[in-house]
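Asks: Spelled out from the first residue to the last, the chains are:
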Amino acid sequence: MIDAKIPTGDLADKWSNYKDNAKLINPANRKKLDIIVVGTGLAGSSCAATLAEQGYNVLSFCFQDSARRAHSVAAQGGVNAAKNYKNDGDSVYRMFYDTIKGGDFRSREANVYRLAECSLALIDQAVAQGVPFAREYAGYLANRSFGGVQVSRTFYARGQTGQQLMIGAYQALMRQVSLGKVKMYTRHEMLDLVVVEGKARGIITRNLETGELESYAANAVVLATGGYGKVYYLSTLAMGCNTSAIWRAHKKGAFMSGVSWIQFHPTCLPQIGETQSKLTLMSESLRNDGRIWVPKKMGDERVLNDIPEDERDYYLERRYPAFGNLSPRDISSRAAKERIDAGCGIGPMKNAVCLDFSKAIKEQGRDKIEEKYGNLFRMYEKINGVDAYKEPMLISPAAHFTMGGLWVDYELMTTIPGLFALGEANFSDHGANRLGANSLLQSCVDGYFIAPYTIPNYLSENLKSEKITTDHPAFIEATNNVKEKLNKLLSSSGHLSADHFHKTLGKLLYDKCGLSRSKASLEQAILEIRALKESFDNELNITGDYQVNSELEKAGRVSDFLELGELMCYDALQREESCGAHFREEYQTPDGEAIRNDDDFCYVSAWKWKGESEQPELHKENLIFETVKLAVRSYK
Amino acid sequence: MKLYLKIWRQEHRKVKGNMVSYEVDGISVHMSFLEMLDLLNERLLRQGERVIEFDHDCREGICGTCGMMINGRAHGPLSGTTTCQLHMRSFKDGQTVYIEPFRGAAFPILRDLKIDRSAFDHIIQAGGYISVSTGQAPESNSIPIAHEVTEAAFDAAACIGCGACVAVCKNSSAALFTSAKISHLALLPQGKIESAERVIQMVNQMDKEGFGHCSNTEACEVECPQQISVLHIARMNYQYNKALILIDRNAKS
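Here the protein sequences line up with chains A and B, keeping their order. 24 is the number of the first residue of the first sequence in our numbering; add one for each residue after it. 16 is the number of the first residue of the second sequence in our numbering; add one for each residue after it.
Since the hints were made in silico from the structure, they are not lab data. Glycine is no exception: its CB is placed at the ideal position from the N, C-alpha and C atoms. One should not assume that every hint holds.
Stated by the list, open to error - One-sided excerpt, in silico: chain B residues whose CB lies under 8 Å from chain A:
id: 1; residue: Ser-43
id: 2; residue: Cys-73
id: 3; residue: Arg-74
id: 4; residue: Gly-79
id: 5; residue: Leu-125
id: 6; residue: Arg-126
id: 7; residue: Phe-135
id: 8; residue: Ile-145
id: 9; residue: Ala-168
Claimed, not checked - Simulated pairs of lysine-lysine, BS3-like, Cα-Cα distance not exceeding 30 Å:
id: 10; chain 1: A; residue 1: Lys-652; chain 2: A; residue 2: Lys-124
id: 11; chain 1: B; residue 1: Lys-207; chain 2: A; residue 2: Lys-206
id: 12; chain 1: B; residue 1: Lys-29; chain 2: A; residue 2: Lys-511
id: 13; chain 1: B; residue 1: Lys-21; chain 2: A; residue 2: Lys-405
id: 14; chain 1: A; residue 1: Lys-206; chain 2: B; residue 2: Lys-29
id: 15; chain 1: B; residue 1: Lys-29; chain 2: A; residue 2: Lys-508
id: 16; chain 1: A; residue 1: Lys-46; chain 2: A; residue 2: Lys-222
id: 17; chain 1: A; residue 1: Lys-204; chain 2: B; residue 2: Lys-223
id: 18; chain 1: B; residue 1: Lys-107; chain 2: A; residue 2: Lys-526
id: 19; chain 1: B; residue 1: Lys-107; chain 2: B; residue 2: Lys-21
id: 20; chain 1: A; residue 1: Lys-526; chain 2: B; residue 2: Lys-21
id: 21; chain 1: A; residue 1: Lys-405; chain 2: B; residue 2: Lys-185
id: 22; chain 1: A; residue 1: Lys-405; chain 2: B; residue 2: Lys-17
id: 23; chain 1: B; residue 1: Lys-107; chain 2: A; residue 2: Lys-413
id: 24; chain 1: B; residue 1: Lys-207; chain 2: A; residue 2: Lys-106
id: 25; chain 1: B; residue 1: Lys-17; chain 2: A; residue 2: Lys-530
id: 26; chain 1: B; residue 1: Lys-223; chain 2: A; residue 2: Lys-206
id: 27; chain 1: A; residue 1: Lys-530; chain 2: A; residue 2: Lys-511
id: 28; chain 1: A; residue 1: Lys-124; chain 2: A; residue 2: Lys-659
id: 29; chain 1: A; residue 1: Lys-405; chain 2: A; residue 2: Lys-395
id: 30; chain 1: A; residue 1: Lys-490; chain 2: A; residue 2: Lys-55
id: 31; chain 1: B; residue 1: Lys-207; chain 2: A; residue 2: Lys-204
id: 32; chain 1: A; residue 1: Lys-633; chain 2: A; residue 2: Lys-275
id: 33; chain 1: B; residue 1: Lys-29; chain 2: A; residue 2: Lys-506
id: 34; chain 1: B; residue 1: Lys-107; chain 2: A; residue 2: Lys-373
id: 35; chain 1: A; residue 1: Lys-275; chain 2: A; residue 2: Lys-506
id: 36; chain 1: B; residue 1: Lys-17; chain 2: A; residue 2: Lys-526
id: 37; chain 1: A; residue 1: Lys-206; chain 2: A; residue 2: Lys-46
id: 38; chain 1: A; residue 1: Lys-274; chain 2: A; residue 2: Lys-508
id: 39; chain 1: B; residue 1: Lys-31; chain 2: B; residue 2: Lys-21
id: 40; chain 1: B; residue 1: Lys-207; chain 2: A; residue 2: Lys-109
Please work from the sequences and hints to get the whole structure.
Replies: This is how it looks when you write it as structure tokens:
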């Protein structure tokens, strides 16, 4: 049983108690301490900037050509905060409860409460940085509503909230670079974690331009490297999103949690061909006015507009009358898959459902719909060449967000002392299903407000520890291992591309460890992944040299995805219940609803790596609910 | 459909590159432009050749990573569109397509179509921020900002930093990029206080990086995927001159 080190006291006082008692470091000593932050998305940039403001020396790394490009930039909808500006009954407690319930009671009370509590300061911080959140005409901040809640607590900047928060954090980071407190390393990919005497003390990176391997030592290492949803190949993620940093830390001893909890976003553009690389997300806000349906008849080949009203199945309105088209993401995605599997899917690959605005246009007028969603309709037309004012959009669920990640305690520290994980890279706050507009929040809160308290608390106890430089044997050994692995990849001379393996793995996981899973499908997937790994080892083809080489980068990431994919299956296999995004076919009611099992599975999995050919070892963190009562999550 | 491609190939920063011809068939009109290049790369790989290196990441038009000159136009023939959002239905079967990197003295080529845009980061480092540290912020509604002011600031803040403005400019000027950031921050009450120092430092940095001056051809606005207005350049020039006078006067008094 592992201990999350949750502070004592009432739920509402825990974070204050922690901060009151956390140890501090004298400003004169801070400049003697180096902290590595990997990743420059919202969590990484905000953490690096804030630590630098406090006086630490920060080394910041990203694989992109600029810190501003991390995939936080793509978040559309908004960021939640319990400001209660609408006077509609919102509060820190209510936001906490909505998040716990939305996560299907598989997250830690204390973490979630802290997330809601810190949401207030985040909005203040972002506004002060110049983030242009939407405003009412009187000049005050505007809010909107999002799936799974009954209050308006979402702050937004058109459909580009992630981009604007990202630019705010990026600028804060650039300010610290100009002040000399952050040393920035772009086009650097972390390829290993260096552990000395059980503590995280540095990283090995590859310079993606020159190909050189470089070593960096520090007093603590922060991984803010995002989620691993790209494991499915087709997803809403950026092409470069990967698991390599957290996976290599996992292989050095950091436990992984909730690995199979992956959110599929219900409103994405469907796959229409084998060469497709990306499933673009269409904002969830469309579901406020769009109605989702499929033809009642299997394999209906008629033009969609010709299908009469009584031959359409508005399956969300039918199954979940209370929430209808605004049912939570996991439920909406699964309902779409159920209809598609039943043979009622539409589109060239029969893998989509309709999102229909005809009723809304009739009722509100085209102008109103254009004002609300004009940019999304334009984007749809750009990608598909179809005018969605005239015919329904085709949408489909796509892999989107990983609730799982590195296990962290209340201080966001992994099982390796001195190694912290922030944002989507950790598992902490969303349980088995994330609510919309909570991911921007979590990454920012982790980086601006939590890690800057907990990292100094850790460092204060390690002030006297020996100064380690990159000459230490642990760095030499790690460098050699990385070099060996890269050389092996570079000398591959098979006939299949890294993308081929990635696509095969993605398809396999989507079918067997995706929106729904079963014991049989998961056991089968594990066997198939092992065979795929063997094929990868023998049949991979890479051309080019050690300098700029995107094929080499991809191959390294795919090799980690293959190992991660296997762990996802083990994780899904051991959890013999259905909760949130994890739907085990064996555990459902006769009408297809999830059956959670709180008696046996009210815990978070925490997996320990045991070696290449060994099964991973399961540890557990029991979830203790002191404040909320576990309840069945119903949206009917 | 089938295309005849002529693509810039270059080994690294220090050597010269040249255009190389490729024929690609089996292209579907539904493919994105980058997926068409993926297809070509998959074939090059099979033939044992080094793939064409190009930058790309989100493939949904917001990260600003991708960008190439396509038949002489930054991000290709469509307006308000990044390279990743361009689809093959914008091309004709049998067409010849020239693909080159975004060029500019301040944008060295790393390999093929990959370029180094860190000069943009340096311009932001010179003052493209509001100097507020975590913890200093006042209650967010204590600074009311008129709806239209926020919207105008947003229009400028929407820049994705792709570099199309530089690539299309005959002077390789970064005026649109720099002025968009200056406008974004100067329009907001939070950003006004530092605006004089900011504009001077950022403009000076832009010059130092080797970008040229603006001669008002307005090609940048035409090619900008976010359709950022050249009026920001006018505002930047006005603010720059105003700041020079103010700072000069402050120094004397």
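Asks: Which hint numbers doesn't this structure obey?
Replies: none
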